[in-house]
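Undergrad: Could you put the whole structure together from the sequences, leaning on the hints where they help?
With the working numbering, letter number 565 in the sequence shown gets 565, and the count goes up by one each step, no holes.
It is worth saying that the hints were derived from the structure and are not from the lab. Please read all numbers here as calculations on a predicted model, not as lab measurements. For glycine and all other residues, C-beta sits at the position ideal for the given N, C-alpha and C. Take these hints with a grain of salt, some might be off.
The calculated label-pair distances, taken between Cβ atoms and stated as ranges, are [stated by the list, open to error]:
(1) Q206 - L495: 49 to 57 Å
(2) R714 - L888: 36 to 44 Å
(3) T497 - D829: 18 to 26 Å
(4) L843 - L875: 15 to 23 Å
(5) R897 - G185: 23 to 31 Å
(6) T450 - E87: 38 to 46 Å
(7) D882 - Q206: 37 to 45 Å
(8) E666 - T450: 34 to 42 Å
(9) R377 - T538: 48 to 56 Å
(10) G185 - Q587: 53 to 61 Å
Below 25 Å or equal to it, Euclidean Cα-Cα: the simulated BS3-like pairs (lysine-lysine) are [what the hints assert, rightly or not]:
(11) K752 - K724
(12) K326 - K340
(13) K202 - K31
(14) K724 - K789
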Amino acid sequence: TLNYESYSGTHPLLDVYDLLPFDNPDGGPWKQGFEITYKGDEWSEQPLELFLIPHSHNDPGWIKTFDAYYHDQTRHILDNMVVKLSEDNRRKLIWAEISYFSKWWNDIDDQKRAAVKRLVEAGQLELVTGGWVMPDEANSHYFAMLDQLMEGHQWLQKHLGVKPRSGWAIDPFGHSPSMAYLLKGAGLHNMLIQRVHYSIKKHFAQQQTLEFLWRQSWDSSSRSDITCHMMPFYSYDVPHTCGPNPAVCCQFDFQRLPGRRTFCPWKIPPKPITDQNVHERALLLLDQYRQKSRLFRSSVLLVPLGDDFRYVESSEWDVQFNNYQKLFDYFNQHPELHIKARFGTLSDYFQALHRRLSTTRTTLPKLRGDFFSYADRDDHYWTGYFTSRPFYKRLDRKLEATLRYRRSVWLHDTHHDVWLTTGRRNLALFQHHDAVAGTEREHVVVDYGTRLFQSILNLHQVLQSSAHWLLLLDKSQYHHDQSKSLIIFNPTEQLRTSVISVVVDSPDAQVIDAETGRQMSTQISAVWAEPSRPSTDTFQLSFVAELPPLSLVVYHVTKASSGSTPRVRYTVHRRGNPLDIHTEHFQVSSLQGSEADAPLSLSNKHVQIWSSPETGLLEVRIFKLKVCCVNVQFLWYGTRTGSRDKSGAYLFLPADEGAQLYISSEPPLVRISRGPIFSDITSHFPHFTHTVRLFHLDGHAGKSLEISNLVDIRSQVNRELVMKIVSDVASGNRFYSDLNGFQMQQRRTLAKLPLQANFYPMTSAVFLQDSTSRLSLLSAQSQGVASLKPGELELVLDRRLQQDDNRGLGQGVTDNKLTASLYHLLLEDRGVGGASVDHLSLLAHLASLSLCHPPMTMVATSNSQLLKLRPFQPLHSSLPCDIHLLNLRTLEDTQVRDAPGVKV
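TA: Take a look at the structure:
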């Protein structure tokens, strides 16, 4: 067993993974656990103190849309809550999703609002966590995780005057320490989690470590510690929360009484509690409570009472609360049973827990690490949702970046304020664990996507107006709908050199810095209408922009003399089927003779690459005279055949043969472009277009390779497309992936686990390393990643799956779209003494920032020579490299609904 108390190293949860056999023996009534025994006198000195916590888990979108759930179920739950809690002050309820609560609040009258405030003040209603949603903890970036938390907390502060004290996360599919850190920073001291691998739960139960102090991996002090309670059993529903035997616990879910909407699958229904049966019923339930209590270090016991969308009907409140009150009265009238039972809130429980721990001088163990990847039974690992619906995962990050742009350059305007609030809340809503995860019904994801896209459009318009106002010397000339120049916004706090590209209608164009009159370095590229046909009337103009931190810089795009703008030179090749491409504007050649067999090469002052002439895929890379073999391949994964469970939106259950090399039915068209600002190699395959680009720049942009894919697998059946990077980095079985863009977590690929268990979430970064080299891949979107062999990375690009995976969704994932993914690949020399470093290098960190927060380009025709524009530069210099300006955000106006105030 693991000695948690004496642990002072890096990641004990990794050590647990090494320790456990991950077998799955039948544990008896507790299938995934073990038989729990007790003598009966364990509570004679310290009685069992039970808190039954009523809750209703309301998904802000899943099978129905957010609005449909609210209309059909949620508003009725909350309406009944006011009535039923007011009937008896012993009754309690906890509520988590502020998105629903705020919508309901807007619909109710002042009398009902006053009643809600009384229930909150009396401790009968507790708002737990206080986030806009209960966020996914694998795919969400920490910017959005924090933003949805702030959205909920500000709303609660303004309308109810309360700050949440305890966190409640019963349904995210795995848990991240980044969330624990944000909760602690938001003033919470306790939290609860549920969806953890069943083998981990069993081990923690055996060790009585289900309650622990969750500490951040970098923290050598207790500053980041937060008390965490892990629920021990399979689910958060009533059958799996009162104790280890679901057949018994189900008999105490009185919503399943005969004749009601649901029933017990174990075929022993609940019975109403009467004077005649209360003794037998109370002892049966007490046995479950006592067994569960033996898994914890204290005799204070937490038992939830609820499930998805519970307490819709008034009668459910009656059957649950009335029957349990009879049981509690019986317990409390029989002191020889040594149990004190009552309804409670989450904070009621944690207050009692800390009192008991203090009285008995019991300490909780300290843990570091995360709880990915999650399996709920057998080899059913929830690693598919790390990638499911990648189009929307990318759209999520687009809105996130746009919202951050908008807050950095903000102009107070009533119309704009509404769009800003709506954009913020649409991003917050999409962090829900069935939204960004890609595990919702098709019409629901369309609803989310429409919200995201509309907010991006609105916020672009708002930013354009704000930028125009900030740049005008004569403010009286400002009009909402008028912005007449090309304006580039740098959303980062660092000076950066960036390549900006716009589409123009002439190959002869130049870019002038509006302030200095200096002509910028430019190149003209073709816009390819088809892989082998360039457009004749549109062109891409790219130039190098020097962008001060958080600045708005103005450029003029003007006509240049014929042939004066440097043009990209192209080489095209397709083995066995030569191409003859004619264009009047560009030089296009083909590979001839021995050239067709020689590797394709591109280079800048930092990097040289060679690619296969047949596929265009990367083969070798040189970095400062260090040769690194980096090979890019593409793979297909299928799913299991026959009657066995198959992959779906949640689960990754690959076919027995594992990954198969992608083989194209015809040779790809390979196109090489060479220009003064960037050069690239693009390969057109039937199911994806793959581009590797080198920038001819100084700084971090010139030291990395940009890799982009455009994926379309809509013709496939039960297949997942993977990009595989094979290197000669001797990484062993270890690699590092990020958690929420906030911290890096070491991963260990274990042969004792099935293939799908070795995939992990990657929000923005992954790296492999040995004693001399590090290979980092930085990503603009979240997806699943694995390192199944030393030196290799597999990134799942898209999944198309025809069937449901039996986790309640009732659909496969077949609404795929043409989806872009973007990366930067870095090879770094680790130097002396770097072997223990487990976070991104400064270079990788800056590259990641630039990828997540690209410059924003605003383009309009230059027909306003009378308007004098000057650059906006709020900072005199870059902030230090170890400071990141995450957010500039207005606090809510205390008087006006959903409007920002004057405080930031």
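Undergrad: If a hint holds in the structure, say so; if it doesn't, say that too.
TA: Hint by hint, here is what the structure shows:
1. At about 55 Å, the beta-carbon gap between Q206 and L495 stays in the expected band of 49 to 57 Å.
2. Between R714 and L888, the C-beta spacing of about 40 Å keeps the proposed range 36 to 44 Å intact.
3. At about 23 Å, the CB distance of T497 to D829 agrees with the hint of 18 to 26 Å.
4. Separated by about 22 Å at the C-beta atoms, L843 and L875 satisfy the suggested range of 15 to 23 Å.
5. Taking the beta carbon of each, R897 and G185 are about 28 Å apart, inside 23 to 31 Å as hinted.
6. Our hint of 38 to 46 Å for T450 and E87 holds, since their Cβ atoms are close to 41 Å apart.
7. Taking 37 to 45 Å as the suggested C-beta distance range, the pair D882 and Q206 conforms, at roughly 42 Å.
8. Against the hinted window of 34 to 42 Å, the Cβ-Cβ separation of E666 and T450 comes to about 37 Å, which satisfies the hint.
9. In this structure the hint that R377 and T538 lie 48 to 56 Å apart at CB holds, the actual value being about 54 Å.
10. Between G185 and Q587 the Cβ separation comes to about 57 Å, which falls inside the hinted range of 53 to 61 Å.
11. For the suggested pair K752 and K724, the alpha carbons sit about 22 Å apart, so the restraint of at most 25 Å is met.
12. Between K326 and K340 the CA atoms are separated by roughly 13 Å; this keeps the pair inside 25 Å, and the hint holds.
13. Taking the CA atoms of K202 and K31, the gap is near 10 Å; set against the 25 Å cutoff, the hint holds.
14. Restraint check for K724 and K789: the C-alpha separation of about 11 Å stays at or below 25 Å, so the hint holds.
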